[in-house]
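**Student:** Below, each chain spelled out in residue letters.
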Amino acid sequence: MTDHAVLAQGVRKRYGGGTTALDGLDLAVAPGTVHGLLGPNGAGKTTCVRILATLLTLDGGRAEVAGFDVLREPARVRRRIGLVGQHAAVDEVLSGRQNLEMFGRLHHLPTRAARRRADELLERFGLRDAGRRPAGEYSGGMRRRLDLAAGMIMAPAVLFLDEPTTGLDPRGRSEVWETVRALAEDGTTVLLTTQYLEEADRLAGRISVVDRGRVIAEGTPDELKSGLGADRVDVVLRDPAALPAAADLLSGATGARVETDPDTRRLSAPVTDRVAALIEVVRALDGAGIDAEDIALRRPTLDEVFLHLTADRAEEAA
Amino acid sequence: MTSTSLVSPAEPVESTGAPARLRWALADGWTLTRRALAHWARRPEQVVMGLLFPVMLVLMFGYLFGGQMAVPGGGSYREFLMPGMFAMTMVFGVETTFAAVATDASRSITDRFRSLPMASSAVVAGRGAADMLHSVLALTVMAVTGLAVGWRWHEGAGRALAAAGLLLLLRFALLWLGVYLGLVARSPELLVAVQVLVWPIGFLSNAFVDPATMPGWLGAIAEWNPLSATIGATRELFGTPGWDGGSWAAEHAVPMAVLWPLLLAAVFFPLSVRRYRRLSR
Ligand SMILES: Nc1ncnc2c1ncn2[C@@H]1O[C@H](COP(=O)(O)OP(=O)(O)OP(=O)(O)O)[C@@H](O)[C@H]1O
Ligand SMILES: [Mg+2]
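These protein sequence lines map, in sequence, to chains S and C. Under full-length UniProt numbering, the residue at position 306 of the first sequence is numbered 306, and the numbers go up by one with no gaps. Under full-length UniProt numbering, the residue at position 43 of the second sequence is numbered 43, and the numbers go up by one with no gaps.
Since the hints were derived computationally from the structure, they do not count as laboratory data. Beta carbons are placed, not taken as given, at the ideal position from N, Cα and C, and that holds for glycine.
Each pair of labels, with its calculated beta carbon distance range:
1. S:Asp69 to C:Arg42: 38 to 48 Å
2. S:Asp129 to C:Ala41: 14 to 24 Å
3. S:Gly126 to C:Glu189: 30 to 40 Å
4. S:Asp263 to C:Leu190: 51 to 61 Å
5. S:Gly205 to C:Val196: 48 to 58 Å
6. C:Leu190 to S:Glu123: 32 to 42 Å
7. C:Trp217 to S:Thr166: 55 to 65 Å
8. S:Gly24 to C:Trp217: 53 to 63 Å
9. S:Glu123 to C:Arg159: 55 to 65 Å
10. C:Val196 to S:Gly18: 29 to 39 Å
11. S:Glu123 to C:Ala41: 21 to 31 Å
12. C:Ile201 to S:Ser174: 49 to 59 Å
13. S:Gly126 to C:Val196: 43 to 53 Å
Counterexamples of contact, computed for chain C against chain S with all Cβ distances above 10 Å:
14. Pro19
15. Val48
16. Gly67
17. Gln68
18. Gly74
19. Val141
20. Ala143
21. Leu147
22. Val149
23. Gly156
24. Arg159
25. Phe172
26. Trp199
27. Pro215
28. Trp217
29. Pro270
Let the hints inform the model, and build the full structure from the sequences given.
**Tutor:** See the structure below:
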């Protein structure tokens, strides 16, 4: 037993074809938190989730979910998890209501409780009016919501969401986000895989960046961003002709390499002491009589973190 | 947004002990049987078509080809044909099983089932029970058809019911063949292959003609076809006029009609279980 809702240590998985999908993956998720698994296509996110949800066996290392070993006590694990896979896993012939009722029965809810729960969830996910229609006639977003509802029948201790908002419109996406937040507030641990950096940033307290079956970085979104180096100062000029002169000034003020983007007339440089650097930059520009349209301090985006981390790995491999 | 609680409506039920586990296995199986029944309720036209297809075959073989068919001993061809058609109806059931299993296996819903705290036997047990119910219904429709075209049982209701039992035993064995093939194929696209392969199996038996009229080696295959055992046994139990077996296999049709299905089940049941487990590799 550990104090982690999800714990993976050196998990390895090699598929029959010879692909090594997980190559010593480590993961520790504290109870009641939302943890993001972020990674490009083929990184091993789905494989990781399937192993933790007892659908796949692992070849090396070990993994525990809700305190139980996934290999030795899969039945106990299953009683405590919910799974929303990458592809909708509902019966397309049955209605939404019949689906939820069936899954409720398979969770061993009594008939009446299963029915009540199905109605509650349909209401919760905005599917009440569609409840009696076959799921096969639902739009992609509706099916996704039904899928989410099916994963939450028991409000599990640990919920796995594999790219839950892929294919949803912005409204559907924010509904899912709200649901995930509500679940986390109620104490459910959520492990979420995503390719959307924004999604991980918004939802997850901690993020593991996965690439080629390993975690290459881990931390809060802020930590990951500051791990990239420092915050940055962005300056947008009115006059593109002033770019070289301004770049020199900025370089002098920050002591760092300046990135120039002529298209947007933007200069960008990392800074260490945020406020001091900002004052320095403003003074220097003012002294030289260069007109700035916008000056801002900002944290690097997760996109920058992500590209930076995976680019490093690509260089190593090359 | 409504304020419906997302909190668990019940604590996880721990089913410890063999009796509790068996009870849940039955309950889970029944839930999935009801799933299959609900499918049929939503697509009644498919069920009706499936039931009418063998009826159409009876009319086709009985009336279109029947005039040309000579029955050993000079009985009515339609009476000779009906036991064969009963068995063929059981064989067609493989298609239903295959299609359902392969469709599920190709979809993520299998993942969902496997991540639930349900009995792992339930998916197949539920499927099996539904398919057996379907076959009972199909057999009833065929019996009514048979009575309408002149087929009778001549040896009493008890032996007729025993014959029905043998037919359903064959269906039970074929259930595992269907499950196995469905898990191997993992895609309903191969249904056509199954639908086509059913025919040589049917024609290479005593369903439509007496194997004695076939060329030597084909006759031998037809003689030993498991289907022939069931058909021969049911002809014997119905007392079909003109049917007197002749070969060793035909003389021992009833024990063979018990042994063959048991053997088939003994092969394909463990193979299916292994395939199902292999999904987690
Ligand atoms: N069933 C399988 N058999 C063989 N190889 C597989 C199988 N499933 C996945 N793989 C391989 O394992 C690696 C990891 O795949 P996985 O699906 O876990 O990635 P992912 O991070 O979920 O990708 P995506 O973002 O595209 O969903 C890939 O190289 C993939 O080709
Ligand atoms: Mg994936």
